[in-house]
Amino acid sequence: MYDKKKLEDIKQAKGEWEDKFVNKTLKRFPERKEEFETDSGIPVNRVYTPEDLEDFDYQKDLGFPGEYPYTRGVQPTMYRGRFWTMRQYAGFGSSEETNKRFKYLLDQGQTGLSVAFDLPTQIGYDSDHSLARGEVGKVGVAIDSLKDMELLFDGIPLDKVSTSMTINSPAAVILAMYIAVAEQQGIAPDKLSGTIQNDILKEYVARGTYIFPPEPSMRLITDIFGYCAKNVPNWNTISISGYHIREAGATAAQEIAFTLANGIAYVQAAVDAGLNVDEFAPRLSFFFNAHLNFFEEVSKFRVARRIWAKLMKERFGAKSDKSLKLRFHTQTAGVTLTAQQPDVNVMRVAFQALSAVLGGTQSLHTNSKDEALALPSEQAVLIALRTQQVIAHEIGVTETVDPLAGSYYVEKLTNDLETLVWQYIDNIDKLGGSTKSIEKGFMQKEIQESAYQYLQQIESEEKIVVGVNKYRMKEGIPADLLKVDPAVMERQSKKLEQLQKERDPKQVAETLQKLRDVAQSNENLMPYIIDSVKAYATLGEICDILREVFGEYQQQVVI
Amino acid sequence: MDKPIRVLIAKAGLDGHDRGAKVIAQSLRDAGMEVIYTGLRQTPEKIAEAAIQEDVQVVGISSLSGAHMHLFPPVAELLKEKGASDILVIGGGVIPESDIPYLKEAGITEIFTSGTSTKDIISFIREHVN
Numbered sequence: 001m002y003d004k005k006k007l008e009d010i011k012q013a014k015g016e017w018e019d020k021f022v023n024k025t026l027k028r029f030p031e032r033k034e035e036f037e038t039d040s041g042i043p044v045n046r047v048y049t050p051e052d053l054e055d056f057d058y059q060k061d062l063g064f065p066g067e068y069p070y071t072r073g074v075q076p077t078m079y080r081g082r083f084w085t086m087r088q089y090a091g092f093g094s095s096e097e098t099n100k101r102f103k104y105l106l107d108q109g110q111t112g113l114s115v116a117f118d119l120p121t122q123i124g125y126d127s128d129h130s131l132a133r134g135e136v137g138k139v140g141v142a143i144d145s146l147k148d149m150e151l152l153f154d155g156i157p158l159d160k161v162s163t164s165m166t167i168n169s170p171a172a173v174i175l176a177m178y179i180a181v182a183e184q185q186g187i188a189p190d191k192l193s194g195t196i197q198n199d200i201l202k203e204y205v206a207r208g209t210y211i212f213p214p215e216p217s218m219r220l221i222t223d224i225f226g227y228c229a230k231n232v233p234n235w236n237t238i239s240i241s242g243y244h245i246r247e248a249g250a251t252a253a254q255e256i257a258f259t260l261a262n263g264i265a266y267v268q269a270a271v272d273a274g275l276n277v278d279e280f281a282p283r284l285s286f287f288f289n290a291h292l293n294f295f296e297e298v299s300k301f302r303v304a305r306r307i308w309a310k311l312m313k314e315r316f317g318a319k320s321d322k323s324l325k326l327r328f329h330t331q332t333a334g335v336t337l338t339a340q341q342p343d344v345n346v347m348r349v350a351f352q353a354l355s356a357v358l359g360g361t362q363s364l365h366t367n368s369k370d371e372a373l374a375l376p377s378e379q380a381v382l383i384a385l386r387t388q389q390v391i392a393h394e395i396g397v398t399e400t401v402d403p404l405a406g407s408y409y410v411e412k413l414t415n416d417l418e419t420l421v422w423q424y425i426d427n428i429d430k431l432g433g434s435t436k437s438i439e440k441g442f443m444q445k446e447i448q449e450s451a452y453q454y455l456q457q458i459e460s461e462e463k464i465v466v467g468v469n470k471y472r473m474k475e476g477i478p479a480d481l482l483k484v485d486p487a488v489m490e491r492q493s494k495k496l497e498q499l500q501k502e503r504d505p506k507q508v509a510e511t512l513q514k515l516r517d518v519a520q521s522n523e524n525l526m527p528y529i530i531d532s533v534k535a536y537a538t539l540g541e542i543c544d545i546l547r548e549v550f551g552e553y554q555q556q557v558v559i
Numbered sequence: 001m002d003k004p005i006r007v008l009i010a011k012a013g014l015d016g017h018d019r020g021a022k023v024i025a026q027s028l029r030d031a032g033m034e035v036i037y038t039g040l041r042q043t044p045e046k047i048a049e050a051a052i053q054e055d056v057q058v059v060g061i062s063s064l065s066g067a068h069m070h071l072f073p074p075v076a077e078l079l080k081e082k083g084a085s086d087i088l089v090i091g092g093g094v095i096p097e098s099d100i101p102y103l104k105e106a107g108i109t110e111i112f113t114s115g116t117s118t119k120d121i122i123s124f125i126r127e128h129v130n
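Which chain is which? The protein sequence lines are Z and A, in order. Under the working numbering, the first residue of the first sequence carries the number 1, and numbering increases by one thereafter. Under the working numbering, the first residue of the second sequence carries the number 1, and numbering increases by one thereafter.
Bear in mind the hints are in silico, worked out from the structure with no lab data behind them. Be a bit skeptical, because a hint or two may be false.
In silico DMTMM-like links for lysine to aspartate or glutamate, alpha-carbon gap of 20 Å or less [said to hold, decoys possible]: (1) 3/A / 127/A; (2) 14/Z / 52/Z; (3) 494/Z / 128/Z; (4) 474/Z / 54/A; (5) 474/Z / 30/A; (6) 313/Z / 343/Z; (7) 46/A / 552/Z; (8) 33/Z / 459/Z; (9) 119/A / 502/Z; (10) 445/Z / 30/A; (11) 147/Z / 552/Z; (12) 463/Z / 97/A; (13) 474/Z / 343/Z; (14) 319/Z / 272/Z; (15) 24/Z / 34/Z; (16) 82/A / 54/A; (17) 470/Z / 120/A; (18) 483/Z / 34/A; (19) 6/Z / 52/Z; (20) 483/Z / 97/A; (21) 119/A / 497/Z; (22) 119/A / 272/Z; (23) 119/A / 278/Z; (24) 319/Z / 279/Z; (25) 119/A / 54/A; (26) 147/Z / 459/Z.
DEER-style ranges, computed between Cβ atoms [claimed, not checked]: (27) 55/A / 474/Z: 38 to 46 Å; (28) 470/Z / 45/A: 56 to 64 Å; (29) 4/A / 48/Z: 46 to 54 Å.
Every residue, glycine too, gets a C-beta built ideally from N, C-alpha and C.
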């Protein structure tokens with residue numbers, strides 16, 4: 001980008017500046033630290049100049065927005081056309097309570113839904129299962145059967161909203177229920193839009209809601225890809241997630257590297273199952289974390305797009321532009337929220353959200369200030385949503401596309417992150433791919449080491465957390481925390497009893513038997529799961545059949 | 001030299017957030033204790049059983065999913081039933097201040113919430129064991 005002569009001049013001028021000004025200043029005022037670095041351990045220089053971008057090639061490295069390699073964004077006009085989808089993750093208690101929260105959020109200007117399911121639902125147990133003790137309706141809504149799903153979306157026209165659902169192992173079952181509810185509303189599957197998380201690999205590594213071993217899990221995922229390509233064409237069939245990998249302790253570089261490596265594994269599995277890459281790849285989506293190290297986060301989003309485009313084009317020979325574009329949802333980093341002085345979390349969330357917007361996110365969840373203490377209250381959720389609205393409407397950052405492009409620092413960081421990410425991807429390839437590297441505990445170990453290092457930096461006060469290891473103060477007990485009604489487990493169990501009486505047992509038994517047979521074959525499971533769901537077989541019953549055929553995953557304990 | 005303190009770190013219930021449990025396990029280990037980590041999805045019964053079998057002096061239970069009121073007290077109860085009430089039971093996670101008195105009454109000696117320094121946990125354990 002710069003000619004040799006100009007770079008020489010800059011180099012010389014920098015030397016002079018260091019002699020004349022910097023050294024003098026340093027003698028009187030030493031810098032705060034000997035060395036500065038990002039969270040991924042990339043050294044941060046005092047100042048960046050064109051020298052740091054010696055080989056920078058605008059068209060090759062950035063291109064224009066909506067153009068390969070999509071560093072500047074996946075659409076040509078980005079937020080000048082339409083803002084990102086403001087999508088707050090919500091769900092607690094029963095489907096009736098969550099339905100109310102959804103309607104409240106839509107009334108406040110939220111533009112998409114995002115469903116949080118409770119842990120028994122995510123692990124394929126009905127609410128009356130002994131392992132569900134204490135967990136029913138806690139971290140999300142309890143869904144046992146199509147009945148609950150009908151109540152969850154009561155009065156919400158499914159052709160008018162897009163719905164993201166954080167569901168992984170039982171993703172096929174929940175998607176089947178969504179399709180069935182839509183049918184009851186008179187809406188055809190091809191009119192539905194939304195996302196299922198459906199990303200099992202990161203469950204083994206970081207999030208923990210796995211059921212089946214890797215092989216049958218990958219089959220369920222590719223069955224969904226295949227079914228949706230034909231029947232639910234506007235559905236994002238997977239949300240390949242770095243969010244939880246980061247929450248578990250990974251650095252920004254590890255977050256992108258492990259997520260993209262998992263992405264490679266899914267694409268490869270689908271190609272191996274006989275699908276055409278351009279048929280399913282346009283429906284892949286991603287989910288990242290927006291953490292505290294502002295410029296590194298912005299660079300991270302930009303570099304993720306650049307690397308994925310290259311991977312899809314060069315490794316998988318994708319031809320369609322849509323297959324090359326990495327579209328992503330972002331959530332601010334839950335792990336950075338403090339229980340101490342929780343109001344301060346509003347600021348943390350705002351800066352993190354801003355980094356996601358400057359990084360070109362397609363949708364965004366902003367955390368609520370009270371989430372280190374309990375599930376978010378309605379008032380805390382409202383401030384979180386308003387934060388996004390302020391960024392969108394008031395501060396001018398949405399008027400031009402990728403405004404930080406060309407910053408010497410941001411472009412250098414983007415390049416440095418790219419180098420680190422490719423190194424990890426190469427290592428994972430050498431280990432035999434993502435699934436193998438997870439079985440060997442490689443990703444878990446890397447994440448664990450980073451998590452421990454982060455903790456040590458806080459305890460040694462190398463990293464300051466306002467209100468935790470500095471600027472502490474005495475506080476009262478926070479008021480207005482949300483409490484989940486403890487009776488929800490009983491109510492769900494009663495609903496299950498009622499369901500047993502109302503449904504046709506013969507139809508349930510038949511559809512489940514058919515499901516068992518197909519699970520043992522290579523046929524696509526989706527149509528049979530839909531049949532079982534419509535017969536009001538419960539989520540637990542369906543998952544039990546699959547457990548029987550597929551077996552259960554045994555966790556690798558790595559520490 | 002004294003024998004090292006033996007600790008069981010356990011993830012109770014279906015919660016998958018194990019970052020805290022793992023860094024605590026590693027910190028205690030670095031402080032010279034012998035630490036056994038159970039992995040995810042442990043029932044109170046399994047935790048109590050493991051504590052006795054592994055002959056630990058301390059059990060640290062973690063839950064961030066809001067199930068602590070159902071999952072922590074039975075561990076202390078079961079240990080008591082089995083004549084192992086000398087085992088120190090402590091807990092951690094996303095636990096509202098208002099739940100702590102109940103948990104303490106139920107035999108959980110201390111609750112460490114988000115932001116607690118590992119030094120505080122280490123010295124608490126050292127003070128209360130022996």
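Here is what the structure says about each hint:
The suggested pairing of residue 3/A with residue 127/A holds, with an alpha-carbon distance near 15 Å, which does not exceed 20 Å. For the given pair, residue 14/Z sits about 12 Å from residue 52/Z by alpha-carbon distance, which is consistent with the 20 Å threshold. A C-alpha spacing of about 9 Å is found between residue 494/Z and residue 128/Z, which places the hinted pair at or below 20 Å, so the restraint holds. At roughly 40 Å between alpha-carbon atoms, residue 474/Z and residue 54/A are farther apart than 20 Å, so this suggested pair is violated.
Between residue 474/Z and residue 30/A, the direct Cα distance comes to roughly 31 Å. Violation of the 20 Å bound is thereby established for this hinted pair. A C-alpha spacing of about 45 Å is found between residue 313/Z and residue 343/Z, which places the hinted pair above 20 Å, so the restraint is violated. Using a Cα cut-off of 20 Å, the hinted pair residue 46/A and residue 552/Z holds, with the two alpha carbons roughly 18 Å apart. For the hint pairing residue 33/Z with residue 459/Z, the CA-to-CA distance comes to about 17 Å; that is within 20 Å, so the pair holds.
This hinted pair does not check out: residue 119/A and residue 502/Z have alpha carbons roughly 57 Å apart, beyond 20 Å. With a C-alpha separation of about 17 Å, the suggested pair residue 445/Z and residue 30/A falls inside the 20 Å cut-off, and the hint holds. Under the criterion of a C-alpha separation no larger than 20 Å, the hint pairing residue 147/Z with residue 552/Z is inconsistent with the structure, at around 27 Å. For the proposed pair residue 463/Z and residue 97/A, the alpha carbon gap of about 26 Å is over 20 Å, so the pair is violated.
Between residue 474/Z and residue 343/Z the CA atoms are separated by roughly 14 Å; this keeps the pair inside 20 Å, and the hint holds. A distance of roughly 18 Å separates the Cα atoms of residue 319/Z and residue 272/Z; the hinted pair therefore holds under the 20 Å criterion. At roughly 16 Å between alpha-carbon atoms, residue 24/Z and residue 34/Z fall within 20 Å of each other, so this suggested pair holds. For a cut-off of 20 Å, the pair hint linking residue 82/A to residue 54/A stands: about 14 Å separates their Cα positions.
For the given pair, residue 470/Z sits about 16 Å from residue 120/A by alpha-carbon distance, which is consistent with the 20 Å threshold. This hinted pair does not check out: residue 483/Z and residue 34/A have alpha carbons roughly 37 Å apart, beyond 20 Å. Straight-line distance between C-alpha atoms of residue 6/Z and residue 52/Z comes to about 13 Å, which keeps the hinted pair within the 20 Å bound. For a cut-off of 20 Å, the pair hint linking residue 483/Z to residue 97/A stands: about 12 Å separates their Cα positions.
Under the criterion of a C-alpha separation no larger than 20 Å, the hint pairing residue 119/A with residue 497/Z is inconsistent with the structure, at around 50 Å. Straight-line distance between C-alpha atoms of residue 119/A and residue 272/Z comes to about 51 Å, which puts the hinted pair past the 20 Å bound. Distance restraint check for residue 119/A and residue 278/Z: the Cα-Cα separation of roughly 54 Å exceeds the 20 Å cut-off, and the hinted pair is therefore not satisfied. Between the alpha carbons of residue 319/Z and residue 279/Z the distance comes to roughly 10 Å, so the proposed pair stays at or under 20 Å and holds.
Our distance criterion of 20 Å between C-alpha atoms is broken by residue 119/A and residue 54/A, whose separation comes to about 24 Å. In summary, the hint linking residue 147/Z to residue 459/Z is not supported, as the alpha carbons are separated by about 49 Å, beyond the 20 Å threshold. The hint said 38 to 46 Å for the Cβ distance between residue 55/A and residue 474/Z, and at roughly 41 Å that hint holds. About 43 Å separates the C-beta atoms of residue 470/Z and residue 45/A, a value inconsistent with the hinted range of 56 to 64 Å.
Distance hint check for residue 4/A and residue 48/Z: the Cβ-Cβ separation is about 49 Å, which falls inside the suggested range of 46 to 54 Å.
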